Amino acid sequence: MTIADLVGVSAVDAVTESIKKARAHESFNAALSIFEDRAMARARLVDSGEVTGRLAGIPFIAKDNFLAIGGPTTAASKFLASFEAPLQATAIERLEAEGAICIGKANLDAFAHGGSTENSAFGVTTNAIDKTKVAGGSSGGSAVVVALGIVPFALGTDTGGSIRQPASFNGIIGFKPTYGTVSRYGVVAMASSTDTIGVLASSIDDTELVMSLMAGKDDKDMTTLPDFWQAHKLDRQLKVGLITESMTDDVDAPVRGAVEAYAEALKEKGHTVDGVSMKMLKYALAMYYVVVPAEISSNLGRYDGIRYGRRAAAESLAELYGKSRDEGFEAENKRRIMVGSYVLSSGYFDAYYLQAQKARTLLINEFNDLFSRYDVLIMPTAPTTAFAIGENVHDPVKMYLADIMTVPASLAGLPAISVPAGIDDSGMPIGIQLIGRRRDDTLLLALARQMEGSE
Amino acid sequence: MTHIPPHDVHYLAQLSNLQLSAQEAAALQADIQSIVSYIELLSELDTTSVEPTHQVTDLHNVWREDVVDDYGIAADDLIALAPESQDGQIKVPKVLV
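Residue numbers (this note's numbering), protein chains in the order written: chain A, 1 to 455; chain B, 1 to 97.
These are computed hints drawn from the structure, not numbers from a lab.
Since this is a predicted model, take the numbers as computed values, not measurements.
All C-beta atoms in this analysis are idealised placements derived from N, C-alpha and C, irrespective of residue type, glycine included.
Take these hints with a grain of salt, some might be off.
[Unchecked claim] Keeping only pairs whose Cα atoms sit at most 20 Å apart, straight-line, the calculated PhoX-like set for lysine-lysine is:
1) A/K131 to A/K282
2) A/K269 to A/K233
3) A/K267 to A/K233
4) A/K323 to A/K78
5) A/K233 to B/K94
6) B/K91 to A/K323
[Said to hold, decoys possible] Facing chain A, from chain B, some residues (calculated, C-beta under 8 Å):
7) H3
8) S16
9) V68
10) V95
Throw the hints in and build the complete structure from the sequences for me.
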């Protein structure tokens, strides 16, 4: 389903239909809540002409780590199970100002920690194509509601691949912009140096329209970049680098085949494609699982059971903190918080945290070198298609390896997109990842648009 | 390979303000051990005279005027989020015992 499909449909009809579809697909456990009253009230305002804009009457769903008015914001955690946000995320505010209607919230790994949406306190989201497979994550619910055609687009967050990987697993588009493009105000923080806000959709036009409306400086988020978003018209042949280290035997053969086919299709459009080496690729995941847990351990310090969220019964303050956090967090949250505490603790700081931050510089230097020679880099979005539910839950490192292709762009703050590129032998979707220079977001989208439908 | 002994797990839980059951602590010990073994891969890299990267925005010192901005949220609405409150104050258990 695309935004164009809703041209000429009243807002009330569009919202009614989306809510009906969401309820018909409850067994996927993709939507955690539906804001029917608020959504219908806003739809009536659009139909009466009181609210207008470029997304007038278009329903969407936000990942449940975006603060929104109209229902709970849970971050899929027990900690925030009954949390009603007193404000809305800037991203949602900007879309509502253009007439879009948030009809509800999508499931995720609790606090966005995970790559399969199996870590949600409210149950697993199943893949849109095969219910025995994972949705991917952490924006698994957002990917599935788009893949099922419930809404034309959904909002997600991408800290290390959480938009791109589930988009790949469900056969849709997932876009993560340059770090700082969209305000993070009103979005539950995970790792502040790599958290980004992006879109999951079924067409490049829809992806770009929604991104263009959310992008831009926000005084409520000091890390937002000065406005730079400008449509790009692709009028030249691009130099594309295919990362050879992403095409080893560790990557499923059908995935490699899809990347090779995509490279051929790029050449047919007149672009050049060279195999290029990226030596730091093998270290990126290790960097990520130092830097990100460190930032998580700090960001999640705010969940103390005092000011909001779950509070355990306790006699003393220390017991209140300890029990509230033990009861409120999922196992993966605790793992990451404790690994973060470990790499930041005295005695280990230099060996792990500082070393990872220095390695991050080496990774960025390598990207800079590659982008001095190439306009766009391509590689698989994930080494595999969607894996079976339960397959990786008992082995955190194996689970983390699903992020190996997506974390490099996150650590360097680069824009990246996952586009659908065929299916494997069992019919599961494959995604190709395109990575661009910082602020080359619209160049990436222009290339993806040119290639759309030709995979 | 760095070994994470049980007392380290208890210390990390304490640093993290997590009151863990014995069973949870044992499971987390094994998980943290395997994660730490994986991230030790970074020790292969020569980072002599490399500056660390803390952020990727290229922005420096983003200032704003020093004026009060409530972001359109009333204090009472924030206090109302607290699990326990009284007379516009958040209630907590006794701090000094």
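Against the structure, the hints come out as follows:
For the proposed pair A/K131 and A/K282, the alpha carbon gap of about 32 Å is over 20 Å, so the pair is violated. Restraint check: the Cα-Cα separation between A/K269 and A/K233 comes to about 15 Å, which is no more than 20 Å; the hinted pair holds. Distance hint between A/K267 and A/K233 is fulfilled; the C-alpha atoms sit about 19 Å from each other, no more than 20 Å. A C-alpha spacing of about 13 Å is found between A/K323 and A/K78, which places the hinted pair at or below 20 Å, so the restraint holds.
Proposed proximity of A/K233 and B/K94 is contradicted: the alpha carbons are some 63 Å apart, above 20 Å. Note on B/K91 and A/K323: the hinted pairing holds, with a Cα-Cα distance of about 17 Å set against a maximum of 20 Å. A cut of 8 Å between beta carbons decides the hint on B/H3: the least distance to chain A is about 13 Å, and the hint is violated. Annotation: B/S16 was flagged as interfacial toward chain A, and the flag holds, the nearest CB pair being 5 Å apart, inside 8 Å.
For B/V68, the shortest C-beta to C-beta distance to chain A is roughly 14 Å, which exceeds 8 Å, and the interface hint is violated. Given hint, B/V95 at the interface with chain A, holds; its Cβ is 5 Å from that chain's nearest Cβ, closer than 8 Å.
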